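> Listed below, chain by chain, are the residues.
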Amino acid sequence: MFALSLGSALIDGLRDSIAVVACVSALAGIGLNVQFGFAGLLNFGHIGSALVGAYGAAIVVNQGGPLWVGVIVGVVAAGVLGLLMGLPTLRLRADYLAIATISVAEILRVLANSARLQSVTGGPIGISNVADDFYSINPIPDGRYGWGSFSYNHNTLWAMLVGWSLVALASLFVWGLAHSPWGRLLKAVREDEEATRSLGKNVFAMKLQAFIAGSVIGGIAGIIFTFDGGFVKPDFFIAQTTFNWYLVVILGGAATIIGPTVGAIVYWFVISVFNSLLSQAIGRDGWWFISSTDVGAVRYVLVGVSIALLLVFRPEGLFGNKEEAVIGEH
Amino acid sequence: MKDFLQILIVGIGDGSVYAMLGLGLVVIFRSTGVLNFAQGEIAMFSTFVVWTIHDLGVPMWLAVIGGMAGGFIIGAIIHEVAVRPVGDPHQKPLAVVIVTIGLFLGVNGAAQLIWGTVDRRFDPLFGSGSVNVAGVPIAWQKIGAMVVLGAIAFLFFVVFQKTKLGLAMRAVASNSESAGLVGIPVPRLLMLGWGFAAAVGTVAGVFTTSVLGGLGPNLMQLTLIFGFAAITLGGFDSLVGAIVGGLIVGVLTSTLPRYVEQFEKMPLAPAFILILLVLLIRPQGLFGKKDVTRV
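Chains as they are written, first to last, in the numbering used here: chain A, 1 to 330; chain B, 1 to 295.
Heads up, a few of these hints could be off.
In silico lysine-lysine, DSBU-like type, Cα no more than 30 Å apart, as pairs [as the list claims (entries may be wrong)]:
1. A:Lys187 <-> A:Lys201
2. A:Lys322 <-> A:Lys201
3. A:Lys322 <-> A:Lys233
4. A:Lys201 <-> B:Lys289
5. A:Lys233 <-> B:Lys162
6. B:Lys289 <-> B:Lys162
Hints in this document: simulated from the structure, not taken from any laboratory. Just so it is clear, the structure is predicted and the values come from calculations on it, not from any experiment.
With these hints in hand, go ahead and build the complete structure from the sequences.
Put into structure tokens, the structure is as follows:
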């Protein structure tokens, strides 16, 4: 039998559940939740918003622009992408929207990867060293903070601080939206479009606004992701990541305020504990039919199976309301 | 001119593959109203089954048939264990579509676990040779794709239009509730539909390997986008549309990058622009029924 250390796996899990990766997922999930949870829009190209945000910021910083301009360019670019994606597609049925959005995201990734734009996007290699300005405004004095396994250097702590503050701000923003007349109208659109339209409301405009808002939040997730790692490359922005974010949203509960954040924390905790246990079990020699290079594949299976199980047994997620669940019964 | 003809043939050959994948998507969409995002991944998985059987020393054509049978079983099982328990797709369309992305990830991960991430060599079904027709070299592989597409289309026509099974499947597609009331075993037919779709997907997967030059877990991810473009153009619920749409997408994505500088090395771009244009101008596609809501 293997000597599995549950303790170290749990510590890995806790570390990842508060790390920047988790707050990037939380932010992306919050954005997706505005589109999918509140407005019922099936956006399968959410990673495209993150890509545009990340590259927008990275390109500006790389060309020598100041950090704040980069951030604004990234955010605006994500908003414009939402507008451009939404305008032609939001009038269509859910599955058409899904096809169109996943194609947009793939096109963007192929564009970023293409040799013709290499001078701007860096092609397959991407752009590196984009985080220097971000860390140079770090007010936290150099050093290590924390206890034992939970100690971070000043830069990681700074990225976490900014990231989780943005998660809190975005959640507050969504809370405000959801409890405003605008949010109530948006839910009405989701529940019964025809009825809402017959009351004289502009359904299309509502959907478009929700789509742009979600895209902007997704763009911010991309920007944080870029500054945390210090570089971008097209390989980060694959369609699978969008699907992971769906799990994050559904797990926490679609159309809730804290759902995506809790979903992201739980997601990274479970993934990380699982990875850790698996790596220990596999060791260097492999275990059963799983070898050490397969840890990523196991995660895919885990995420895929979780999505299916959640939708069969608990479509409202951890915190969702069954009455309101966009994927539940109407 | 010779150059153009050659590119055209390549386009038709590639388009045949998109059409095959599109046929699988349409079969599932017609019967269940679900757009199966896992169609490409299931095809990739069963192509690995073909590879495994062939690797045991079985001749290729037999391995393909074995893979199709395997694909059929995989499709049927997926419907039974993952799709059907979620509920009626007409009631909960979003839930079922999201389950198909769960399947996308799960099947991809399973293939990585079983066969690894290193690309496998996969000999083209019809060899790598070509034949000269009026001075234009045409790869046997492309001719094979067209012939096989023709055979599949004929088979589908016979099954759907001439057999009792096809009649029942059409009844389920047109109104599953009424079909159930007259005694048609709806769930079993849906299961068959998923099986057929996966079997056709196997063939699409086998042909895609020769375009990409190898077999890996990401085999079908771009092809799926082209398949989507094909059925968007042809109409989600039209088998004829999938074939015509697939061929048009194939020709566009091979000729435009060659002759229009802006599309150079970017076959995905015309496919995507086509999707957007069709959605804007004629959302039901060329052959689809007009119940697509545009609000």
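> Against this structure, judge whether each hint is valid.
Here is what the structure says about each hint:
In summary, the hint linking Lys187 of chain A to Lys201 of chain A is supported, as the alpha carbons are separated by about 13 Å, within the 30 Å threshold. Our distance criterion of 30 Å between C-alpha atoms is met by Lys322 of chain A and Lys201 of chain A, whose separation comes to about 26 Å. Pair hint Lys322 of chain A plus Lys233 of chain A does not hold up; C-alpha atoms about 39 Å apart against a cutoff of 30 Å. With a C-alpha separation of about 29 Å, the suggested pairing of Lys201 of chain A with Lys289 of chain B holds against the 30 Å cut-off.
Our distance criterion of 30 Å between C-alpha atoms is broken by Lys233 of chain A and Lys162 of chain B, whose separation comes to about 53 Å. About 22 Å separates the Cα atoms of Lys289 of chain B and Lys162 of chain B, which keeps this hinted pair within 30 Å; it holds.
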